[in-house]
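Protein chains in written order, with the working numbering: chain P, 1 to 90; chain L, 1001 to 1486; chain R, 2001 to 2480.
Everything labelled a hint here was simulated from the structure, so no lab data went into it.
Note that the structure is a prediction, hence the values are computed from the model and not measured.
One or more of the hints may lead you astray.
Claimed, not checked - To give an idea of the interface, some chain P residues facing chain R are shown, with a C-beta separation under 10 angstroms as derived from the structure:
#1 33
#2 66
#3 86
#4 88
Virtual Cβ for every residue (Gly too), placed ideally from N, Cα, C.
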Amino acid sequence: MRIHIETLAENAMLSLSHGELAKESNLEEYFENLLEVVKLPEIQEDLPSLEETQPMILRPDEIQPSFPRDDMLKNAPQTQAGCYVVPKTV
Amino acid sequence: MITNLTVHELSEKLVSKELTATQVTQAFLDQIKATNDNGAFISVDVEGALEQAKKVDEKREKGEILSPLAGIPIGIKDNIHIKDQLSTCGSKMLATFRSPFDATVVQRMKDQDMVLIGKTNMDEFAIGTTGESSFFGPSKNPWNTQHVAGGSSSGSATAVAEGAVPIALGTDTGGSIRVPCAFCGIVGLKPTYGTLSRYGAVAMASSLDQIGPMARSVKDIALLFDAIKGYDPKDAVSTQEELTPSVETIDQNIKGIKIGLPKEYFNHQLKPEIREAVEQVIETYKELGAEMVEVSLPSADQVLNCYYIISSAELSSNLARYDGVRFGYRTEEYDDWEELFIRSRSEGFSASVQKRILAGTYFLSAEQYESYYQRAKQWQKKISDEVTAVLDRCDVLLTPTTNFTAPQLGAKNGVEALGLDFATVTASVTGIPAISMPCGLSSQGLPLGVQLLGAKYGEDVLLRTAYQYEKAVGGFPVAPAYRGDK
Amino acid sequence: MNYETIIGLEIHVELRTKTKAYCGCENSFGGEVNSRTCPVCAGLPGALPVLNEQVVEYATRAGLAMGCQINRYSKQDRKNYFYPDTAKAYQISQYDIPICEGGSLEYIADKEGNVKTVTFERIQMEEDAGKMLHNESFEGTLIDYNRCSVPLIEIVTNPDLRSSSDARAFLETLRNTLIAIGVTDGKMQEGSIRCDVNVSVRPEGSSEFGTRVEMKNVNTFSGAARAIEYESARQIQVLQSGGTIEQETRRWDDALGENQVLRTKEDADDYRYFPEPDLLTIYVTDEILAAAGKDIPRLPHYETLYFVNEYNLPLDDANLLIGQPEKKEFFLAAAAFNRVEKTGIANWILGDITRSLNDHKVTLEEVKLTPEELVIMIEQIEQGKISTAAGKTIIEEILLTDKTPMEVIKEKNLAQISDSSALEDLARQILEEHPNTVAEYQSGRTNVLGFLVGQAMKASKGQGNPAALKEIFLNLIEQA
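Could you build all of it, start to finish, from the sequences and the hints given here?
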């Protein structure tokens, strides 16, 4: 089995050439072994239909106070004018 | 010595005013200081704890009727939120994160006037079985500090075993409460999935994560579990099932109770001295009037892989929100938002966490979904059916908690491959409750653990069965080096 | 070769629940940035979603109104993708088992009143993303999560539409339907309804579908029509010049009137859908079903036809009224007096009254103008007692005050002079002042009549009845 670890990293928004994974060696080999080891045998087993599962309790549509903006923003690495900030997206 | 006492012993002394909450809290704060090198805590709230203790003492002075847990100090795993306090999850990613809200279990403990003394160390994002992946360094095993505490609830186990707290909360996704409890010679319960609210506990694998208590007595476990369990409208998977209080029946005898012994968990990989210790437990149960039944769970060998696939898949999605925008680590160098995301994640998560994320991303990919994630769900169903069938015939199942004793610090790579959580993942994948308790020491003087598994919502039976063993062997003490009165 | 255009739509509709989809934060528009967020909708670690019952009820109501099969048991799934406006890095959506399947909606396709049908693949429940704010003065993008986790239904149609005008007519009808059953406010300017457009073309007569292209960023229905025309023409041109259509997603730029490739099939996102583990099965209980089906009104296109037949309204006016419930109610109340032409009522409501409301930034519910006052005013015009221009003045005057039309007519001296002897005197006087005009008229320069009427109006300070004056001048010229 060949895995496209670059595609995987791209989908997970992780870098293979920067940060912690860049310090790892033989990642490809590691994954090929891993995926082989953990692969489960095929079985015939029907998953329960939704009718057989437990339905959840829904929330009544009642307004609860939102959190103070400062409390929400206090963990943000960068804020501006009451907003979170990222580099320009357009 | 105060720090050698169990929760119910402390509770009695508080109620009789033999001790004040302030005295108790101070004693444990002193022990935390003295055991600091073991790395049990990430943060300690000295001021808040003493203030809370004082409040409890004042309430008691006024003659208020208080919960038996009032004034009892507790350590909280650092992935469970206390409002305005750090919740690092043992990760560089959240090293400075302070939660703006309380977890539901924390709220309930506050309602019981417990003293929240500090946040305990853990494997990064609860991913790991040895406790060594914490950004803040490993927690050491109080029975032998050359050895790991086990993980991922490593700090909670260390703290209880070294007498730094009488009780702690951990989280268990595949064995993260039970493995460190076995390694550190204490008791830990992974409750039935859905009995303790997950609200405010940082998710690793949502369909498997459960919070649970860790202590040195089964009775203490029962006391805390009863106090914080039950339906929470903030957690959509939390159960509305009427749960039988476990404390009330814990003292009843277990004559005639049927204990199943699934043969697959007594396999060739089990270390002989653990086998012998577990056989001793079986003998004790027979003396207590329990009936042993040999049973089989034919799919046992597939459980670990089933667990690995489901947990990796879910954590890959749960850990996607750590992007350096709303909270957490942000890289210093970036040109566009994509680079900001990628670099923050690549620098903020350790390599082992990133590898799990990549594996989970693979399992969920459109191309692989059927052969991995969906197939794992099929196996999960099959395993659950097998377990349910066996539990129809027995009241509880008994297995060793781990096949090994706590490995040496730094031996991680060799151990990971061996599947430390082989016996614990079964209860996780099937959602049933399981408890680990000490069952003697290895030749090296390291604790050994035995695990009991119960039927869904059958915590009362499970805890009673466990407690009768505890009583028969005379209890589970603090690790010798920290008893201070030997 | 002639080509046929095949169009499918994915319409995102914000539901008008009180709270967001998974938390108790208020669901509303505008206000301070990030003032309506909490750990759940801002995706903080440790927070968990709990589904709003009203979302299930509204989705079910939409399904019932449009003949969908309601799945009493459904579930939600995670759609994983990274973007700064998505707080959790996944959207809670529905993948393989949506709440509604099938269903259809009829719409009036043209001025002749031809009715066509669009069938649906499904209606699913999901959540909205936050908003990204761009500002020249700031080099970054700001993120406001007030909209994050606002509940949506996504209506996915089958590829039944064949033209941009059909698509537009259908979208208008769909919007009117969803407003009429009360599940959305349908405010386009607030982004309450947005759609993605799938377009493919094929040679006329062919039964196979061509490769389809998805277009994002279509924010208005007229924009959808333009986007479809552009994309259809682009595809035809590619095919005619021997090329092939690539399966891709393109971004519509309405200002430029063109689209650009957003992503190709190769770099299409793998959303890694899987069942949302934080939620359990969604069960539409008998109670929810009953509430969802309660008092579903006559659907708008039937109502449109009714308005056209009953009140003789033009199709466009009927559609406009039906899309705006308070104007519709006002119209019906005024029409009930049965004293003036219904077309006139609709004209006044959709024309000058709407303009005045917009100028004052108020709604019809907030002003003092009553249906009866409008009827009285129109009556005055129909009886020739005031001019149309005077009518406009009256609307302005009574819209925000307690004055009645009759008071304004008096106060501003708006009554027309229709008394013919008075007007005849005036006309004679004008003719005397402009002695050459009679000859000019007789030599064929008939537009001089307008000049004369204008002069007379001026002399009467606008109070002369222009129609009557015209009559009089003609008579006088003939007699001359």
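Going through the hints against the structure:
| no. | hint | verdict |
| --- | --- | --- |
| 1 | 33 | violated, 23 angstroms |
| 2 | 66 | holds, 5 angstroms |
| 3 | 86 | holds, 5 angstroms |
| 4 | 88 | holds, 5 angstroms |
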